[in-house]
Amino acid sequence: MAGESQSTVGYIQHHLTNLTYGKLPAGFERLDESGHVHEVLSQDTWTIAHSGAEASAMGFMAIHVDSMLWSIGLGFLFLVIFSRIAKRAHSGVPRGAQNLLEMIIGFIDQTVKDGFHHKNAMIAPMALTIFMWILLMNTMDLVPVDWIPAFMGWVTGNPHFFFKVVPTTDPNVTLGMGFTVFGLMVYFTIAKKGFMGFVKELTLHPFHSPKWYVNILLVPINFALEAISWISKPISLGLRLFGNMYAGEMIFILIATMFGAGLVLGIFAGVLQWAWAVFHILVITLQAFVFMVLTIVYMATAHQIEEEDQFH
Amino acid sequence: MNINLTLIGQSISFLFFVWFSYKFVWGAIRTAMDEREKQIADGLDAADRAGRDLELAQEKATKQLREAKLEASGIIDAANKRASQIVEEAKDVARTEGERLKAAAEAQIEQDVNRAKEQLRSQVAKLALVGAEKVLEASIDESVHKDMVDKLAASL
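Sequence lines, in order, name chains A and B.
The working numbering puts the first sequence at residues 1 to 312.
The working numbering puts the second sequence at residues 313 to 468.
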């Protein structure tokens with residue numbers, strides 16, 4: 001019984017570990033599967049992590065190969081399909097793929113126009129990229145959790161080969177996008193209002209007094225509040241997406257552990273997986289949409305110049 | 313759950329993808345869509361204009377028809393008037409011609425009658441003379457009684 005629960009835990013952990021390529025520090029003791037010291041590294045080594053512990057030991061100097069592969073692959077898939085259709089786009093009667101594309105673009109254009117009233121040609125393509133890319137990455141969640149890892153295990157000949165297929169269940173991916181949005185926010189704020197405008201935005205809101213000596217006292221308070229409000233944006237953006245997708249993935253994995261437990265439970269698990277997948281379609285689309293809308297809102301805030309005057 | 317270089321990799325790919333979709337996807341599709349929107353708007357405008365043109369043309373046509381009818385009735389009136397005038401004139405001409413012919417015929421008749429009378433008279437005179445000669449058996453001298461006989465003939 002203990003062994004079985006151990007293997008269930010192992011199964012779940014296996015599914016939650018990325019294929020990590022990174023630098024192991026010198027002196028690191030690599031263990032083999034039975035837990036014995038297999039090799040002691042004499043110098044810093046770039047290698048593929050064989051366990052979660054090794055992946056952690058790599059620290060920041062590591063990269064999740066599977067996340068990157070799927071995220072960039074899906075991004076390219078989206079852009080190759082879209083740009084090929086875009087190249088052939090004409091103003092006549094739209095057919096087939098062009099029709100679908102125009103539907104998506106029309107929908108996103110409308111959303112952008114509703115939320116963003118400034119002049120910036122980058123915002124709409126960015127919203128499109130965010131929506132389609134996250135949608136595709138999230139959709140990987142609907143692929144049964146064992147198919148691709150098992151296939152990769154078969155290809156590499158190593159049944160314990162780590163391979164996560166849903167990039168958005170990797171916080172690096174979601175936070176990476178969140179912080180990029182944050183960087184763009186800072187960039188557009190400075191581009192629109194100047195560096196001093198950016199500093200003022202951080203220090204003179206929300207409390208403001210016409211008397212300068214009161215203002216000096218208010219600056220630290222304002223800065224603390226504004227800094228939290230700014231930094232919370234990319235983190236909430238990234239963690240919301242990550243949390244939703246990670247939880248969904250986790251439930252798929254938990255359901256998948258039931259497949260081995262007899263016929264009745266297996267069928268029950270199949271039904272559950274189907275139901276959860278159907279529900280998850282909603283989550284997938286909604287999360288992609290939420291990420292896009294929030295990005296648009298943040299960009300609009302970054303472009304808004306008049307805000308300062310509303311306080312007077 | 314390790315934060316590592318993946319984060320930066322994702323950032324870079326994100327920026328690249330945004331740039332790519334700005335450069336090769338959004339513009340082309342949006343241009344096509346805007347063009348179509350313009351075409352549709354133009355088409356609707358043209359349809360509107362065509363409808364108005366049609367209305368105007370119909371109005372013009374009915375107006376012209378009315379004018380044509382008016383003109384036609386005017387022409388018919390004039391023609392009728394002219395026709396009756398011609399008839400009147402013809403009647404006049406015929407009447408005068410008839411009268412002229414009648415007068416000529418009467419004159420001719422009178423002339424003929426006169427001529428016949430003249431002939432008759434001379435014949436009668438001759439006949440009377442012959443008859444008288446026969447009756448009187450030369451008792452009458454032609455030279456003596458000629459005046460008397462002529463008088464007789466003239467009285468016929």
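Don't take each hint at face value.
Unchecked claim - Straight-line distance between alpha carbons at most 30 Å, and here's what the computed DSS-like set of lysine-lysine pairs gives: (1) K113/A <-> K350/B; (2) K233/A <-> K335/B; (3) K403/B <-> K393/B; (4) K87/A <-> K414/B; (5) K211/A <-> K119/A; (6) K119/A <-> K335/B; (7) K463/B <-> K446/B; (8) K193/A <-> K335/B; (9) K335/B <-> K350/B; (10) K119/A <-> K193/A; (11) K403/B <-> K119/A; (12) K87/A <-> K350/B; (13) K192/A <-> K211/A; (14) K458/B <-> K429/B; (15) K393/B <-> K113/A; (16) K211/A <-> K113/A; (17) K414/B <-> K403/B; (18) K393/B <-> K381/B; (19) K429/B <-> K403/B; (20) K438/B <-> K414/B; (21) K87/A <-> K193/A; (22) K192/A <-> K458/B; (23) K192/A <-> K233/A; (24) K119/A <-> K87/A; (25) K113/A <-> K193/A; (26) K119/A <-> K192/A; (27) K211/A <-> K87/A.
What the hints assert, rightly or not - Non-contacting residues of chain A with respect to chain B, defined by C-beta distances greater than 12 Å in every case (computed): (28) A55; (29) M122; (30) P171; (31) A227; (32) T285.
What the hints assert, rightly or not - Pairwise CB distance ranges, derived in the manner of DEER restraints: (33) L100/A <-> E371/B: 39 to 49 Å; (34) L377/B <-> K113/A: 50 to 60 Å; (35) L239/A <-> G339/B: 47 to 57 Å; (36) G339/B <-> A191/A: 30 to 40 Å; (37) G339/B <-> I228/A: 36 to 46 Å; (38) E349/B <-> F195/A: 33 to 43 Å; (39) I320/B <-> I231/A: 12 to 22 Å; (40) V297/A <-> L366/B: 31 to 41 Å.
Keep in mind that the hints were calculated from the coordinates and are not lab data.
Here a beta-carbon is modelled for each residue, glycine too, at the ideal position from N, C-alpha and C.
When the structure is checked against the list of hints, which entries are broken? Sort them ascending. 4, 5, 11, 15, 16, 19, 20, 21, 22, 27, 28, 29, 30, 35, 36 and 40
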